[in-house]
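S.K.: In the order they appear, the protein sequences are chains A and B.
Numbered per my numbering, the first sequence spans residues 19 to 358.
Numbered per my numbering, the second sequence spans residues 19 to 358.
It is worth saying that the hints were derived from the structure and are not from the lab.
Owing to the predicted nature of the structure, the values given are computational and were not obtained by experimental measurement.
Virtual Cβ for every residue (Gly too), placed ideally from N, Cα, C.
Take these hints with a grain of salt, some might be off.
What the hints assert, rightly or not - Computed list of chain A residues with no C-beta within reach of chain B, every gap over 10 angstroms:
#, residue
1, Ala197
2, Asn202
3, Ser321
As the list claims (entries may be wrong) - List of simulated lysine-lysine pairs, DSSO-like, C-alpha gap at most 27 angstroms:
#, chain 1, residue 1, chain 2, residue 2
4, A, Lys223, A, Lys348
5, A, Lys146, B, Lys240
6, B, Lys205, A, Lys240
7, B, Lys240, A, Lys336
8, A, Lys240, B, Lys255
9, B, Lys255, A, Lys146
10, A, Lys138, A, Lys124
11, A, Lys240, B, Lys146
12, A, Lys146, A, Lys124
13, B, Lys240, A, Lys205
14, A, Lys205, B, Lys166
15, B, Lys240, A, Lys255
16, A, Lys336, A, Lys70
17, B, Lys336, A, Lys240
18, B, Lys205, A, Lys223
19, B, Lys240, B, Lys166
20, A, Lys114, A, Lys255
21, A, Lys138, A, Lys114
22, A, Lys255, B, Lys146
23, A, Lys166, B, Lys205
24, B, Lys328, A, Lys240
25, A, Lys240, A, Lys255
26, B, Lys223, A, Lys205
27, A, Lys328, B, Lys240
28, B, Lys205, B, Lys336
29, A, Lys205, B, Lys205
30, A, Lys240, B, Lys240
31, B, Lys255, A, Lys255
32, B, Lys240, B, Lys146
33, A, Lys348, A, Lys205
Protein chains: 2
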Amino acid sequence: MRHRHLLTRRGLLFALTAVGLLGWLGIAKADDDPLPSWNNGSHKQAIIDFVKRVTFEGGPDYVAPPARIATFDNDGTLWVEQPAYTQLVFALDRVKALAPQHPEWKTTQPFQAVLEGDAKALEAAGEKGLVEIVETTHAGMTTDQFDKIVADWLTTAQHPRFKRIYTDLVYQPMLELLAYLRANDFKTFIVSGGGQEFMRVFADKTYGVPPEQVIGSSGATKYQMVDENPVLMKLPKVEFIDDGPGKPVGIQKFIGRRPILAFGNSDGDQQMLQWTAAGEGARFMGLVHHTDAEREYAYDRDSEVGRLDKALDEAVAKGWIVVDMKNDWKTIFPAEKTTP
Amino acid sequence: MRHRHLLTRRGLLFALTAVGLLGWLGIAKADDDPLPSWNNGSHKQAIIDFVKRVTFEGGPDYVAPPARIATFDNDGTLWVEQPAYTQLVFALDRVKALAPQHPEWKTTQPFQAVLEGDAKALEAAGEKGLVEIVETTHAGMTTDQFDKIVADWLTTAQHPRFKRIYTDLVYQPMLELLAYLRANDFKTFIVSGGGQEFMRVFADKTYGVPPEQVIGSSGATKYQMVDENPVLMKLPKVEFIDDGPGKPVGIQKFIGRRPILAFGNSDGDQQMLQWTAAGEGARFMGLVHHTDAEREYAYDRDSEVGRLDKALDEAVAKGWIVVDMKNDWKTIFPAEKTTP
Chain A
19 MRHRHLLTRR GLLFALTAVG LLGWLGIAKA DDDPLPSWNN GSHKQAIIDF VKRVTFEGGP
79 DYVAPPARIA TFDNDGTLWV EQPAYTQLVF ALDRVKALAP QHPEWKTTQP FQAVLEGDAK
139 ALEAAGEKGL VEIVETTHAG MTTDQFDKIV ADWLTTAQHP RFKRIYTDLV YQPMLELLAY
199 LRANDFKTFI VSGGGQEFMR VFADKTYGVP PEQVIGSSGA TKYQMVDENP VLMKLPKVEF
259 IDDGPGKPVG IQKFIGRRPI LAFGNSDGDQ QMLQWTAAGE GARFMGLVHH TDAEREYAYD
319 RDSEVGRLDK ALDEAVAKGW IVVDMKNDWK TIFPAEKTTP
Chain B
19 MRHRHLLTRR GLLFALTAVG LLGWLGIAKA DDDPLPSWNN GSHKQAIIDF VKRVTFEGGP
79 DYVAPPARIA TFDNDGTLWV EQPAYTQLVF ALDRVKALAP QHPEWKTTQP FQAVLEGDAK
139 ALEAAGEKGL VEIVETTHAG MTTDQFDKIV ADWLTTAQHP RFKRIYTDLV YQPMLELLAY
199 LRANDFKTFI VSGGGQEFMR VFADKTYGVP PEQVIGSSGA TKYQMVDENP VLMKLPKVEF
259 IDDGPGKPVG IQKFIGRRPI LAFGNSDGDQ QMLQWTAAGE GARFMGLVHH TDAEREYAYD
319 RDSEVGRLDK ALDEAVAKGW IVVDMKNDWK TIFPAEKTTP
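My request is simple: use the sequences and hints to build the entire structure.
M.R.: As structure tokens, this is what we get:
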């Protein structure tokens, strides 16, 4: 009995100490570095200072949790967009996969160009051609069927340079930022020119952003009964372009309130950042500047994909934070590979 | 010292007992009746049983919290829609308020009909006329300006029969249901034919549903710079009708996953309930049947406003819950008046 008593007392003391120590370490660690993949410097500090200011109850910049809305662009802000937008790669792969059912594509542009790998003819088809490819490959099936097609593609398609699946090519520092904001009661949204339905397939698992917080470009759908079972058929019609001035429109439509923090990387994000900046109270506007040709890519004013020109000028003029990928980020991609 | 010791021990014991007792009472009370304004009976029991089934971890019907999506119609489901939709009353009031700036309305239909109170001419203008009234009164200002106009109107406009402001004429039993679901980690959405921007003005305060969880019909907006300040201008163009087959479309667009519980009251909710029912796992489909002419209104198959005909047949055939307002609800409206 005495032995057991001692064990209990000592066991209890030990347990309490361990719990206390772990708790203390946990808190201390979180306090020390909520963004371990960011190099120390003014940009990292600006993020942390902003979060501390808006979460400090009683402070002049305090924002109540429900109003802590944060919006993030996806392509080039959360994952790689070079040498081509991932969703475009998907669409081109779909043309190839569907070609056997469409013999007429062998002699019809822009499909012929895709099948023959004729970059010049594809370029000649222009934006109209691309829209046709996207509309054709993203329609004619139910929303559930589309989800499955995207999910299957994402498990196998590999990036040509990094030889990893696309959901591995997300930016580790941004994953940490998303998690840090949520730990501080922010609601994190994706507001992207990319397809809403496309992103929703992986956003929850990859970014921790649930479908109802993913806003993107979208096509029309139609409610139909198929064998007494209701489905939503995807129609070959782009309905909303969530890019440039469409981003504040999308934010108002889907969220109904203004973000207090917004992050982008291109001119397509300029209006989202303007809209965020124009609100009252503390604000954070950030751009990811791709400056790291070695570990990722270096591009801005002259790039066809993710051009950063006017937004860069405005950011510099207005003191928005321009993250320098090469200098600000300790690592680019998550170390762990999902691929075999 | 001995005294103090006793006090401490006894105090501690008392405190623990009190806390335990309060906790036990609290739990017991919540268990006893999470829906105090609902009369006991099979409908109330069906709601409670459903919530218990989907929240019982390890049970066959368990649903993880993020997938606990619940969607509610607004007009006639959460607040009064008779004798006319509140937003229509608002639009007609706006025509009167704006008339001095539009002398041409004195001789232009459908505005002339509104100004002269000519119900026959207004009816003759039909749906086209109503759309014109809504588009005219809901556009030509920024989203912020519109919010303020609606907010001001809601504090003064009174229901013709009940002589209370409209946000007082919400259904107390449904407020309890919303709160009960949220207490069980459901995410509650409004999915209504009513205007999204209109409802968002009061939905958070009145229903506890934040703007980003309010889905409704909406008009186009345009991002513009006014004196170097970005605004979203409301355009006179209806863009999305969130009614009938538009409800599943809106649910997919805004939420991106299927509800496991949906509540409506009219044929405009039929497709939302079908869409909800067609998902896998435990489901709850509910209709509010207005059967109480004395305390509220009694209407269904023959009503122009909130007609309940086909959806009622389907509900009966498929065993969806049809709430009988007269018999199921102990009280209709919250007791406390917001009005002076």
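S.K.: Now tell me if each hint is right for this structure.
M.R.: Here is how each hint holds up against the structure:
no., hint, verdict
1, Ala197, "16 angstroms, holds"
2, Asn202, "18 angstroms, holds"
3, Ser321, "24 angstroms, holds"
4, A:Lys223 to A:Lys348, "23 angstroms, holds"
5, A:Lys146 to B:Lys240, "23 angstroms, holds"
6, B:Lys205 to A:Lys240, "25 angstroms, holds"
7, B:Lys240 to A:Lys336, "24 angstroms, holds"
8, A:Lys240 to B:Lys255, "21 angstroms, holds"
9, B:Lys255 to A:Lys146, "26 angstroms, holds"
10, A:Lys138 to A:Lys124, "16 angstroms, holds"
11, A:Lys240 to B:Lys146, "23 angstroms, holds"
12, A:Lys146 to A:Lys124, "19 angstroms, holds"
13, B:Lys240 to A:Lys205, "25 angstroms, holds"
14, A:Lys205 to B:Lys166, "25 angstroms, holds"
15, B:Lys240 to A:Lys255, "21 angstroms, holds"
16, A:Lys336 to A:Lys70, "22 angstroms, holds"
17, B:Lys336 to A:Lys240, "24 angstroms, holds"
18, B:Lys205 to A:Lys223, "19 angstroms, holds"
19, B:Lys240 to B:Lys166, "19 angstroms, holds"
20, A:Lys114 to A:Lys255, "21 angstroms, holds"
21, A:Lys138 to A:Lys114, "18 angstroms, holds"
22, A:Lys255 to B:Lys146, "26 angstroms, holds"
23, A:Lys166 to B:Lys205, "25 angstroms, holds"
24, B:Lys328 to A:Lys240, "20 angstroms, holds"
25, A:Lys240 to A:Lys255, "11 angstroms, holds"
26, B:Lys223 to A:Lys205, "19 angstroms, holds"
27, A:Lys328 to B:Lys240, "20 angstroms, holds"
28, B:Lys205 to B:Lys336, "25 angstroms, holds"
29, A:Lys205 to B:Lys205, "14 angstroms, holds"
30, A:Lys240 to B:Lys240, "25 angstroms, holds"
31, B:Lys255 to A:Lys255, "19 angstroms, holds"
32, B:Lys240 to B:Lys146, "23 angstroms, holds"
33, A:Lys348 to A:Lys205, "26 angstroms, holds"
The structure fails none of the hints (numbered hints given earlier).
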